[in-house]
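Number of protein chains: 4
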Amino acid sequence: MEHQRRVRDSFDRQAFMTTIGARMTGLEPGHCVLEMASRPDLCQQNGFIHAGATTALADTAAGYAAFSLMPPGTDVLTVEFKMNLLNPAKGERLIARAQVIKPGRTLMVVRSDVVAITGTEEKPVATMLATMMCLKEA
Amino acid sequence: MEHQRRVRDSFDRQAFMTTIGARMTGLEPGHCVLEMASRPDLCQQNGFIHAGATTALADTAAGYAAFSLMPPGTDVLTVEFKMNLLNPAKGERLIARAQVIKPGRTLMVVRSDVVAITGTEEKPVATMLATMMCLKEA
Amino acid sequence: MEHQRRVRDSFDRQAFMTTIGARMTGLEPGHCVLEMASRPDLCQQNGFIHAGATTALADTAAGYAAFSLMPPGTDVLTVEFKMNLLNPAKGERLIARAQVIKPGRTLMVVRSDVVAITGTEEKPVATMLATMMCLKEA
Amino acid sequence: MEHQRRVRDSFDRQAFMTTIGARMTGLEPGHCVLEMASRPDLCQQNGFIHAGATTALADTAAGYAAFSLMPPGTDVLTVEFKMNLLNPAKGERLIARAQVIKPGRTLMVVRSDVVAITGTEEKPVATMLATMMCLKEA
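Protein chains in written order, with the numbering used here: chain A, 1 to 138; chain B, 1 to 138; chain C, 1 to 138; chain D, 1 to 138.
No lab work stands behind these hints: they were computed from the structure.
Just so you know, not all the hints are guaranteed correct.
If chains are identical, the list can't say which one is meant, so a pair holds when it fits in one copy or spans any two.
To be verified - Result set (DSSO-like, lysine-lysine): computed pairs, CA atoms no more than 30 Å apart in a straight line:
id: 1; residue 1: K123; residue 2: K90
id: 2; residue 1: K136; residue 2: K90
id: 3; residue 1: K123; residue 2: K102
id: 4; residue 1: K123; residue 2: K136
Note that the coordinates shown come from a computational prediction; the quantities given were computed from them, not determined experimentally.
With the rest of the complex left out, here is chain A (with noise of 0.2 Å):
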């Protein structure tokens, strides 16, 4: 449970999620689950959560699923994203689903899928490749 402690830690001193809204709903070695719900102040000019909110999701979902594969005494640095926007984000709230598909002692290659939940309807809008760097705490 030591992994859960250090990512659960390092996310709640993530104001920027606070910002958003993001919680974190499930963490295992390797996979991270967080979750949005939609609000007005997300959105872009024509009422879908913004691209950059999504990203943020994805991003830091990608992040702690490598994250909880690192040792103690070190940090996750995002290194670079591509993210593919595959339908608008509409929805009561996005979920981030991210899994490590490459591990590494130095990176870690992540996939992150974000969907929209309406009801019991879930619909893809985003999917994400990253990659995550260890890095030594000074």
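Please build the complex by placing chains B, C and D on the supplied structure of chain A, with the hints as guidance.
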């Protein structure tokens, strides 16, 4: 000045830009500049601006750089972007400068560079390569 | 079987696929599989298959996975792709398996995974996330 | 000139560069230029140079731009790249010009632009944004 008005009207309807405190400080055909002041509620676990907020700024600048070249009666949609994070986003404010590098009738390729400003110093934070799509309005 | 014929005719006209020894070994609507035997003239400085050859295989599989869903009288064009290299491309042959994850009238998003085969062992080599465009033929 | 020799030695061992007819025509610390003549066996179904061959050129230029800044006793590895195709690759030859935009001890971010040359005319073909890694040789 028609494109100026259309772009600024659309930007003003982006509630998420208000949420993160972004302002449009430059706009010419094919170019767009956005600025955002550093704030604690935009940060990640180490006190740097969150990559999600940085991406929101870069993506929005890229979208409006493209939209400034699109004809009346259309809207702009982000197809995809790739973001490389170059340095921690630390400074008094961030500036995203986007320019269309390949205009097209349906698709436009845009580069968007984000820098951090501290006093008179400017440091690169991230570079984005994005694809934007021109949509006929319903 | 119409889409089968159109795809295979197009693939057969790709001289570069002959140059690198690629064959199409699977094709269904939205899916395409290509194989390429390992050869010294496809390698980089350490004796692994060059990322450029791997990318050619992944991109072509992705393109035909998308093309298989496009109507007659159209052609397919790669808009962009992102490739993460996961392990050295070492083995008897490479297989690229592509599937459309988001079909669309103008754009399709495709995932293309490359594995290396040695005997009965299969190892991930790379994963690509690509955007393909449907073009009306002149 | 030490970095010149190391880079050119490595390039000369890339059999795939011989296969596609690529030559190194420029090399300075952080910069690399490769050229490739147009040939029928490099083409796709419409007679343009295949995106895979274009990518091989761009990726190799990017790798050696990064490698030129790495210390002796190291090797270079492509972590990932993203490629936007801007125009059909049609011309007498292609030139890839790569430059490091963010050097680092472990990772380097590189931009690599490909143009097509016909007579004295130069047309953009593709732009790549890549991450390269510095590996200690065993």
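Hint numbers not upheld by this structure, sorted from lowest to highest: none
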